[in-house]
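J.: Sequence:
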Amino acid sequence: MALKQHQQKANGRQKSPTKRFLSVLGLFMFGVYFALGLAIIFWKDFPLQLDKTLRTLFGVLLVVYSFFRFVRLWQNR
0 MALKQHQQKA
10 NGRQKSPTKR
20 FLSVLGLFMF
30 GVYFALGLAI
40 IFWKDFPLQL
50 DKTLRTLFGV
60 LLVVYSFFRF
70 VRLWQNR
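Note that numbering that gives the first Met the number 0 has the sequence shown beginning at 0, numbered continuously upward.
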């Protein structure tokens, strides 16, 4: 019940410019980590000499981390 009241209060107010900037920055960083993870997984001629298994593992780690950041961003809205 307290959470619902908090959400109703938050919906009635506009975010401050600082919070809005941090939300946009968080969304941008989600996209960067997600795209970097996919690029590392699917880029055939990756510039760093990594084993295919390690490259895939690192890419998956970045994608999972990007979703972790997105969930935290979503909860803070």
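In case anyone wonders, no lab produced these hints; they're calculated from the structure. Among the hints, erroneous ones may be present.
[As the list claims (entries may be wrong)] Okay, the calculated beta carbon distance ranges per label pair:
1. K51 - L24: 17 to 25 Å
2. N75 - L37: 37 to 45 Å
3. K14 - L47: 35 to 43 Å
4. L56 - P16: 33 to 41 Å
5. R76 - L35: 34 to 42 Å
6. P16 - T55: 14 to 22 Å
7. N75 - K43: 13 to 21 Å
8. D50 - L26: 26 to 34 Å
9. W73 - L37: 30 to 38 Å
10. S15 - L53: 36 to 44 Å
11. W73 - A38: 22 to 30 Å
12. R71 - L37: 36 to 44 Å
13. D44 - K14: 30 to 38 Å
14. V63 - P16: 16 to 24 Å
Positions of the beta carbon are idealized from the N, C-alpha and C atoms, including for glycine.
J.: The structure should be examined with respect to each hint, and the outcome stated for every one.
T.: The hints, checked one at a time:
no., hint, result
1, K51 - L24: 17 to 25 Å, "33 Å, violated"
2, N75 - L37: 37 to 45 Å, "25 Å, violated"
3, K14 - L47: 35 to 43 Å, "39 Å, holds"
4, L56 - P16: 33 to 41 Å, "39 Å, holds"
5, R76 - L35: 34 to 42 Å, "24 Å, violated"
6, P16 - T55: 14 to 22 Å, "40 Å, violated"
7, N75 - K43: 13 to 21 Å, "38 Å, violated"
8, D50 - L26: 26 to 34 Å, "33 Å, holds"
9, W73 - L37: 30 to 38 Å, "20 Å, violated"
10, S15 - L53: 36 to 44 Å, "43 Å, holds"
11, W73 - A38: 22 to 30 Å, "24 Å, holds"
12, R71 - L37: 36 to 44 Å, "20 Å, violated"
13, D44 - K14: 30 to 38 Å, "43 Å, violated"
14, V63 - P16: 16 to 24 Å, "31 Å, violated"
In the structure shown, a violation is registered for the earlier hints numbered 1, 2, 5, 6, 7, 9, 12, 13, 14, in ascending order.
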